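Enquirer: Here are the chains, one letter per residue:
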Amino acid sequence: MKANSKRTKVKGRKAPVQLDPITFEIIKNKMLAAINEAGAVLVRTSGSEVVVTVREFTQSYYTADGHLTLTGGGILLHVKSIADIVKYLIDNYENTIGIDEGDMFIFSDPYLGGMHPPDQTIVAPIFWKGKRIGFCASLTHIPDTGAIDAGGFCPRATDAFQEGLRLRGLRVMKGGVRCEDVFNTIKGMVRLPDIVELDILSKIASNNVLIKRAQELIEKYGLEMYERMNAELIRYSERLARERLRKIADGEWKSVTYLEHDGIQPSLFRICVTATKKGDHLTLDYSGSSPQASTSVNATYHAAMGCAFAILAGRLFYDIPWNEGILKPLDLKLPENCIINAKFPAAVSQGMPSGGGIVVFAVQDVLSKMLLASGDDLRREASGVFGWSVHFALPVGIDQYGKFFVWPIMDECAGGMGARTYKDGVGTGGTIQTPKVRIGNIEEYEQRYPVLFFFRREEKDSAGAGKFRGGSGGEFCFTLHKSPTKYVDVALSGAGIEPAIALGMAGGFPARQGRFIKISKSNALSVLQQGKIPQDLAQIQGDKELLPPKGYTRVEEGDCFYLAWLGGGGFADPIERDPELVRQDVVDEIVSPELGERIYGVAIRGDSFEIDQAATTKRREEIRRERLSQAA
Amino acid sequence: MGRDSGEKMGRRILEYVEIDQDRQGTNVYKCTCCGFVLGPSHQSFKQYAVVKERSYSDYVDMGVLSIRSDRFVIREFYCPKCAIRFDVESVVKGEPYLDIKISED
Chain A
5 MKANSKRTKV KGRKAPVQLD PITFEIIKNK MLAAINEAGA VLVRTSGSEV
55 VVTVREFTQS YYTADGHLTL TGGGILLHVK SIADIVKYLI DNYENTIGID
105 EGDMFIFSDP YLGGMHPPDQ TIVAPIFWKG KRIGFCASLT HIPDTGAIDA
155 GGFCPRATDA FQEGLRLRGL RVMKGGVRCE DVFNTIKGMV RLPDIVELDI
205 LSKIASNNVL IKRAQELIEK YGLEMYERMN AELIRYSERL ARERLRKIAD
255 GEWKSVTYLE HDGIQPSLFR ICVTATKKGD HLTLDYSGSS PQASTSVNAT
305 YHAAMGCAFA ILAGRLFYDI PWNEGILKPL DLKLPENCII NAKFPAAVSQ
355 GMPSGGGIVV FAVQDVLSKM LLASGDDLRR EASGVFGWSV HFALPVGIDQ
405 YGKFFVWPIM DECAGGMGAR TYKDGVGTGG TIQTPKVRIG NIEEYEQRYP
455 VLFFFRREEK DSAGAGKFRG GSGGEFCFTL HKSPTKYVDV ALSGAGIEPA
505 IALGMAGGFP ARQGRFIKIS KSNALSVLQQ GKIPQDLAQI QGDKELLPPK
555 GYTRVEEGDC FYLAWLGGGG FADPIERDPE LVRQDVVDEI VSPELGERIY
605 GVAIRGDSFE IDQAATTKRR EEIRRERLSQ AA
Chain B
682 MGRDSGEKMG RRILEYVEID QDRQGTNVYK CTCCGFVLGP SHQSFKQYAV
732 VKERSYSDYV DMGVLSIRSD RFVIREFYCP KCAIRFDVES VVKGEPYLDI
782 KISED
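Read top to bottom, the protein sequences are chains A and B.
Numbering follows this note's numbering, with no gaps: position 338 of the first sequence is 342.
Numbering follows this note's numbering, with no gaps: position 101 of the second sequence is 782.
Keep in mind that the hints were calculated from the coordinates and are not lab data.
Bear in mind that the values here come from a model prediction, so they are computed numbers and not experimental data.
Where a beta carbon is used, it is the ideal one built from N, C-alpha and C, also for glycine.
Do not take every clue at face value.
Unchecked claim - Covered by chain A, per the in silico footprint, the following chain B stretches (three or more residues, Cβ under 8 angstroms):
id, region
1, 695-706
2, 746-754
3, 765-771
4, 774-780
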């Protein structure tokens, strides 16, 4: 940081405040601590499971003219798009209704920011002695938007007008007083008014923490230092980001991933990204991606941008303060009216996990290829693609207490991590773009909802094979229990069920696809009555139906619902994997003996799991011969 | 099989593919496992590789994938000499090869 650069004094003008590196670090970390504290306030005040348990939220600081200066939120996907909301607020309301001290404004229009309508943001100006000196914002995913479908993911929506609330900056707090008219209006338009109200109040509380801590910093260091710090944070991050980019090889890399099914028919959408890196600049060009859909699987520009930011921040700029500075070397080229840059009023409520979610996979893939070609230090940062949250199921119905419920199951956030260039990926390790996200406890699920789980665990053979394998994905299965209506409807919003999208790298295999399976008229309860708990899908008899990736299914009493989510992609050729590691994987039930022999070429025998060295050598030679003998 | 000790590494673009110079000073792709020269680097290394393209169903039978699909294939690229696997693509049938172009300046 060049904070102590000499400056020429101009007569009659006050010298700018000096910001030394130690003070810079202290203030930066105090701001980060404030962001973390605001997150803790959200967790303690929101009644929403998505916030309290899953921790889908983000908080950030902005300059007085709306530039993002620092974030540390739980979901990086949202960070960039909130900055666009703050700029919209300034541009549209500063000279009309005014932005005054104690005001807060609520947004949920994905065409202004956020990934889809359930992403609700409250922006607050920060004042000091009557002057607006910045902004802060808090975002959470709310459990309902009053849309055509409960829960805010709308498989049936064909335009934005069917997707519920699209708030464009209603003043929810005026001069520090809550605006009852706005609260009452919003509560009157959603299915879970009490929880949505709590979520709004929690974001207000979160913003109050951010405001208070910023004012304390100004009290201690002075306004000039605070403003200098905010500007310096952006410059600092930009400089480090450009330095990092310069270390990457110049070149061009391409990745193509696919989104299957539009909710009505098994359409196929292509999402193509070409990354061009030259000097300290990176361009992501999505030309060649499919036109937008007529259903809600589209993503907005903000969603596509947010997904790209999240990957770059988490994978390439993980040690650089996350703010607008790291976006300055980035150029995003999105075709108009395409699946990841839909034109209003296209429906976009499934844009996450659909269109936007697939961007995450494509950007991970090109970034890892870039890093792999960029010398030993950066090569260590490359990996197979991480499994991620694209197998979203949302049961809706009446719970065992007789109340309406919406249950966004986000277990698939615990995807398997991609294999590293020097080590296996972590099983159900989660993803980098959602660094604070957790998954719920089964006991809590069973307490809150009318279900009984048979199992939830890592799925055998789900990881992408490689010299270093990906981390395993997961699977669970539940049946209805004490459902007063004898059924629940489950909205499905999935991808990566037909195409394998958690790609491997440099010769590694992709991870297995995910699945939604319904077992109708199952024998699971009678098995339970015999004192046994079904341990896997094979032990449950009934009519097994592989469900389409998107749409609805009704789970009735006696039925079971099974979900498997993605592992991570493998790295390098599996026949180079140390046989002892394969043996250990078989012992740990991560890899089956059959896959171990067929793909890794390692023969493991008997109950003692011994490696048959001769058979292993023979099998690996056989694999090499097969590769060259039957080639296209 | 493998590189002679002390032999200089070229510029690695994937785990098993590097760009190096041949005796005439031409930039070429080489296999990092066996040193086999694939061909000049002005076109994709995939043009020189042994390619095997199979349906998803084959990979379901092998236990690698879980869902069959008529629309998708797995494409594997191998070294013609040592059969190490350079790359894997999971794509729709007919999708052009996903290329890598590294600046050789």
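Enquirer: All hints are to be evaluated individually against the structure, with a verdict given for each.
Expert: So, going through the hints one by one against the coordinates:
no.	hint	in the structure
1	695-706	holds (count 3)
2	746-754	holds (count 6)
3	765-771	holds (count 6)
4	774-780	holds (count 3)
In summary, this structure violates none of the numbered hints.
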